[in-house]
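Peer 1: In case you want the letters, here they are:
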Amino acid sequence: MQNLTLLDGPKFQITIQRLCHQLIENHDLFTNSVIIGIQPRGIFLAKRIIDELEKKLPKAKIKGGNLDITFFRDDFRRKDNLVPSPTQINFFIEGKKVILVDDVLWTGRTIRAAMDALLAFGRPAKVELLTLVDRRYSRHLPIEADYIGIKVDTIDSQKVVVSWKETDKEDKVILLSEK
Amino acid sequence: MAERAQTLSTKHLLGIKDLTAKDIELIFETADTFKDVLNRPIKKVPSLRDVTIANVFFENSTRTRLSFELAQKRLSADTINFAASSSSVSKGETLIDTVNNILSMKVDMIVMRHPYAGAGIFLSKHVSAQIVNAGDGAHEHPTQALLDAFSIREKYGEVRGKKIAIIGDVLHSRVALSNILCLKKLGAEVMVCGPSTLIPKFIRTLDVRVEHDLIRALNWCDVANMLRIQLERQDIKYFPSLREYSMMYGLNKQILNSLEKEIVVMHPGPINRGVEITSDVADSKQSIILDQVENGVAIRMAVLYLLASQRN
Numbered sequence: 005m006q007n008l009t010l011l012d013g014p015k016f017q018i019t020i021q022r023l024c025h026q027l028i029e030n031h032d033l034f035t036n037s038v039i040i041g042i043q044p045r046g047i048f049l050a051k052r053i054i055d056e057l058e059k060k061l062p063k064a065k066i067k068g069g070n071l072d073i074t075f076f077r078d079d080f081r082r083k084d085n086l087v088p089s090p091t092q093i094n095f096f097i098e099g100k101k102v103i104l105v106d107d108v109l110w111t112g113r114t115i116r117a118a119m120d121a122l123l124a125f126g127r128p129a130k131v132e133l134l135t136l137v138d139r140r141y142s143r144h145l146p147i148e149a150d151y152i153g154i155k156v157d158t159i160d161s162q163k164v165v166v167s168w169k170e171t172d173k174e175d176k177v178i179l180l181s182e183k
Numbered sequence: 637m638a639e640r641a642q643t644l645s646t647k648h649l650l651g652i653k654d655l656t657a658k659d660i661e662l663i664f665e666t667a668d669t670f671k672d673v674l675n676r677p678i679k680k681v682p683s684l685r686d687v688t689i690a691n692v693f694f695e696n697s698t699r700t701r702l703s704f705e706l707a708q709k710r711l712s713a714d715t716i717n718f719a720a721s722s723s724s725v726s727k728g729e730t731l732i733d734t735v736n737n738i739l740s741m742k743v744d745m746i747v748m749r750h751p752y753a754g755a756g757i758f759l760s761k762h763v764s765a766q767i768v769n770a771g772d773g774a775h776e777h778p779t780q781a782l783l784d785a786f787s788i789r790e791k792y793g794e795v796r797g798k799k800i801a802i803i804g805d806v807l808h809s810r811v812a813l814s815n816i817l818c819l820k821k822l823g824a825e826v827m828v829c830g831p832s833t834l835i836p837k838f839i840r841t842l843d844v845r846v847e848h849d850l851i852r853a854l855n856w857c858d859v860a861n862m863l864r865i866q867l868e869r870q871d872i873k874y875f876p877s878l879r880e881y882s883m884m885y886g887l888n889k890q891i892l893n894s895l896e897k898e899i900v901v902m903h904p905g906p907i908n909r910g911v912e913i914t915s916d917v918a919d920s921k922q923s924i925i926l927d928q929v930e931n932g933v934a935i936r937m938a939v940l941y942l943l944a945s946q947r948n
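Residue numbers (the numbering used here), protein chains in the order written: chain G, 5 to 183; chain R, 637 to 948.
These are calculated hints, taken from the structure and not from any lab test.
Among these hints, one or two may not hold up.
[Stated by the list, open to error] Facing chain G, a subset of chain R residues (Cβ under 10 Å, in silico):
{"no.": "1", "residue": "643"}
{"no.": "2", "residue": "677"}
{"no.": "3", "residue": "683"}
{"no.": "4", "residue": "839"}
[What the hints assert, rightly or not] Negatives, chain R to chain G, calculated, CB over 12 Å:
{"no.": "5", "residue": "642"}
{"no.": "6", "residue": "654"}
{"no.": "7", "residue": "669"}
{"no.": "8", "residue": "673"}
{"no.": "9", "residue": "714"}
{"no.": "10", "residue": "758"}
{"no.": "11", "residue": "789"}
{"no.": "12", "residue": "843"}
{"no.": "13", "residue": "845"}
{"no.": "14", "residue": "879"}
{"no.": "15", "residue": "890"}
{"no.": "16", "residue": "906"}
{"no.": "17", "residue": "942"}
We treat Cβ as the ideally placed atom computed from N, Cα and C, and that holds for glycine.
For reference, chain G alone in the conformation it holds in the complex (with noise of 0.2 Å):
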């Protein structure tokens, strides 16, 4: 496994700054937008959002859930992704503005769940997504980002991670590719 590191330290936090700015540029004080990110690895991005979303807005309660896609997925049987983690949605989404948060866009499927998942809890008045690494060129269905932290161009064999100061330690993006 060979690794390419393709977003860390002071650009990191500039790309996190950039996507809050361009969130408020839309949503001024988010009276009407929730941020809900997607289990499993997406629900860091959006608690990071949240959190300097509030720095720069001391006035704005922004809202924030966590969705869990597992049953929704089109790859059933097809995959070992079978464990649930729990969705946390506290508030109705009927008629809100939602933005899905997920750390890497690939092939769009899970965005395609996300959304299917969504609309248990209402209709909201628009859906949008916000991702840190767009896997362009790699999409199995029409789906594209609306916010966007950086943009790669992959193979199908590479992987891409993106790890927190939370939990691993440092905040990075790592292109991880065989031999």
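With chain G held as given, fit chain R onto it using these hints.
Peer 2: This is chain R only, laid out in the frame that chain G set:
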């Protein structure tokens, strides 16, 4: 993160006997999420939309059959129902023939209740579908034991170290055997209590306490699981009269209030009110009988989901 089992160690659910403690934990963790799903405005997930399940009941049932059917529908599975009383079984068709006929209509899973012990095990050796035992004679009723233990876990946070007394007609009860096996695997202490005619001799091999005095059993336990007197299975007299049984082994409010500590009361249903348990106890705050029924759907969803994931 601690290493979690990702899949069950068995292909069928024939009895608690075949499950490991890890399997049971996996079922509980999955059921936690399904319980959450059941409290949403839309109580349905699409996981099993390509799975067809037949509910084959050779014996009467209200809770178990409805609970399984609801669990299947919440998972988006297709279901068919079969009751032996209104079928060709009364014309002399054998069990294997009946099931193979159902399977040739492209059914993937069979949920079966049968009056004979071991019917599910027998069937699993002769047909290709996955079998879920919904009660076989006086042998096992695994989903009931899982939902009972799940309800205890919900009430106390964990099952390990808790003291559970199973009281009543242990001899004819499949709930008793499955409960004993399940609770022991999870690290609980188990006692059975009842008249000596209704306590089978083999029970001592299961490492459980045996008690014939109701009050002593109740003072020992944290949870009392009251079993129904199964008159339909009693071909000879095991006690002089129902009245005498309920005087000796019936749980009433007066006894409950006289205990040294507050205990939780469970019952697998159907209740014979006034026999093993009085109405004021069954409907009291200490009773979690209806929580058990609620948890039954989540547990059955978890079992069906985890089993279905093993196909191909």
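Peer 1: Work down the list of hints and note, for each, if the structure agrees.
Peer 2: Now for the hints, and whether the structure bears them out:
no., hint, verdict
1, 643, "6 Å, holds"
2, 677, "7 Å, holds"
3, 683, "5 Å, holds"
4, 839, "35 Å, violated"
5, 642, "5 Å, violated"
6, 654, "19 Å, holds"
7, 669, "4 Å, violated"
8, 673, "7 Å, violated"
9, 714, "16 Å, holds"
10, 758, "27 Å, holds"
11, 789, "16 Å, holds"
12, 843, "31 Å, holds"
13, 845, "35 Å, holds"
14, 879, "50 Å, holds"
15, 890, "43 Å, holds"
16, 906, "32 Å, holds"
17, 942, "7 Å, violated"
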